[in-house]
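Colleague: Okay, here's what each chain looks like letter by letter:
Protein chains: 2
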Amino acid sequence: MADEGFLTKKFGEGVENYYSGSPLNRLAFLRTNYSYLSTALQHPSTRFLLLKNLDPLASTPSTLAFLPYTDVSNLIANPYEVSEKAALEAFTSTIDHPVLIFLGIDESAPSSDSISTPDNKYTGQAYFSLDITPYPHLSYSLKATSLLSTISQNYPSHEFKTARKDLNLNNDHAAMYASARSLTNWNVTAPYCAGCGQKTMSVHAGTKRACPPLDGGVETRKCPSREGVHNINFPRTDPSVIMAIISSDGTKILLGRQKRWPKYWHSTLAGFLEPGESIEEAVRREVWEESGVTVGRVIIHSSQPWPFPASLMIGAIGEAVPGKEEIYLGNDPELEGAKWFGFEEVKEALAFTSGLYDGPPEGYKEGGLRLPPKTAIANQLIRAVVLGGVHLASSKI
Amino acid sequence: MADEGFLTKKFGEGVENYYSGSPLNRLAFLRTNYSYLSTALQHPSTRFLLLKNLDPLASTPSTLAFLPYTDVSNLIANPYEVSEKAALEAFTSTIDHPVLIFLGIDESAPSSDSISTPDNKYTGQAYFSLDITPYPHLSYSLKATSLLSTISQNYPSHEFKTARKDLNLNNDHAAMYASARSLTNWNVTAPYCAGCGQKTMSVHAGTKRACPPLDGGVETRKCPSREGVHNINFPRTDPSVIMAIISSDGTKILLGRQKRWPKYWHSTLAGFLEPGESIEEAVRREVWEESGVTVGRVIIHSSQPWPFPASLMIGAIGEAVPGKEEIYLGNDPELEGAKWFGFEEVKEALAFTSGLYDGPPEGYKEGGLRLPPKTAIANQLIRAVVLGGVHLASSKI
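Line by line, the protein sequences are chains R and C. My numbering numbers the first residue of the first sequence as 1 and each following residue consecutively. My numbering numbers the first residue of the second sequence as 1 and each following residue consecutively.
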């Protein structure tokens, strides 16, 4: 085979970044099969992840809490009772529904907890997420408030916790939460059609929004989004680039810092990709804008979903062009500082990392470089550059 | 250096796919500098790319036409005359403006054609794109119709041509068109705020849309998009994955075909990334959904902007898991067929490719495999897999 080893050359078994690696099979092709969804929703083994203002209900700082259907049925009844077509035709913009998302099935669950797909090919325990936030302007607000109070009585040890401050979720739960959070946020913040300004309706088990042709049985104005190829009713995921840049002599790495970060904290440069750009171009543009450094070769390392609110972090490694490595911060006010760091200093700092919202880690000496923890793709990129082989490990964290 | 050769191992100087590689510096940080934009707009050397229903004005099938300010000033006047803040405060939703985008500067232009940035650091010839489509429901419709007729009189050899059917743009022009098309399409198809349903206004030189606080001087209802971290007024770019999958024994590549494609045409599998997924996970999910094959290791190869309408194609190469390579099309109706092809058959087909809308290329034998042309990232991925070293070339096409 001409390419023997081609895949092994780079990252071995690959890097799986935090927030990726969901244990669930999304079964995307069953999202319009309301008969399956209806069965899955009400099955005694099915579990619901609750979100309040995007914070998940958690049983411990590292573990999400999952409730059965009977705990939430007062709020949602069964939205899959009629077909999606019938639901679209019955759409009434004054009646609001909490965002409910079918996350998928855990195929490793014991068969007693599993349900089968209609073709009997796949079996697993079903998971949904449900937004229980009692938004005062939505019609189900009182029901949500009442359910929240029941839940806090029935589960006194469970709490809605903020992801990057109070939680340190295990990998599986972090990945499940990432999908639930991104999709919920999109449903909640984009309830109007960008094409015509009318209210839209959550469809495809929470993964799309449709602009219905009727509102309360009355034909509303025609929406251009209903014609031709378009994506405006699909959830958005904003690609962003994050990159470890190596000096042309191969001895230093470029890191920057934002003003709001803790003292001495630095990370890789990052920014949103623009329309009409490749990832490689976005890497070069962002580095040049933020630091003045010109980047030549770029390779893509790995990626990380970043559900705050809905980014895809695309991790890259690039090489600076000789003679174009001087730092210049005058273009873009994004960074407070950017600096070339020798590999040795960075290696030392990698031994003592902690979260952005935590204090410095044990063993940290005041004044030393601080870097993002392993749950950040920035850490993986920095490792790949300064430690070489270490990034080849297949471990998730 | 511990990582000597790390970057050279994979793609040499890198693959630059068609639609990427723009010759322009976007100068993103000057998009709110209306004094600079105003000067750039009206400079005699500045050039405008015109779009009608997203088709660009072209002088030949491989070359875009660019017009000077004097040719378009009747339609746009100078939108940068007042500051962006003042423009936002003067917003009136009944007055429409054609989509005008500052694409950037060509720093290689002769100094006689160049203007300088306010800090005198960068000089180049400025490029804008302008949507001249006479949408009947917009207030400038008649002006646009009249300008279209003037242009066709003054430039009888120029024509608005459809990108993937009538054009075969050179690399630089393809990349410039990609940005203009994606951003114009987004401005035109998403004129309403997804957060509150009100009309938005194009800002940041065409690269963002704001939901103004006032409409015709009257305070409108509060829009939630004006608070906190959000992206709903940023243009959308939808990440999608496209992947060449190698059989576990390293001798075959997995290709699929859609019903609407020409006979014998096959390509790599592809699909949109979902919220909360990494690129690597999206590759595995899409391949499994569409073909039933389970993919293990995934590496990311290169990327391509795909402005139809606003995707980012992320090219990957993956390896099938031994024993899980049987084709099954029953999950997802996306593909008409999927098949493992031996490298030799694919190598032969690579010698005779043509566009999706063209007939079979010269030398093609009826019944033989047909593959996408070099302008498609699919072609580059297939090459990378079956030809090995060839993909290391730094050539753009």
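Hints are not guaranteed to be accurate.
If chains are identical, the list can't say which one is meant, so a pair holds when it fits in one copy or spans any two.
Stated by the list, open to error - Derived pair list, reagent style SDA-like, types lysine to any residue, alpha-carbon separation capped at 25 Å: (1) Lys-199 <-> Phe-234; (2) Lys-143 <-> Ser-93; (3) Lys-263 <-> Ser-111; (4) Lys-259 <-> Thr-32.
Hints in this document: simulated from the structure, not taken from any laboratory.
Colleague: Which of the listed hints are broken here?
Modeller: 3
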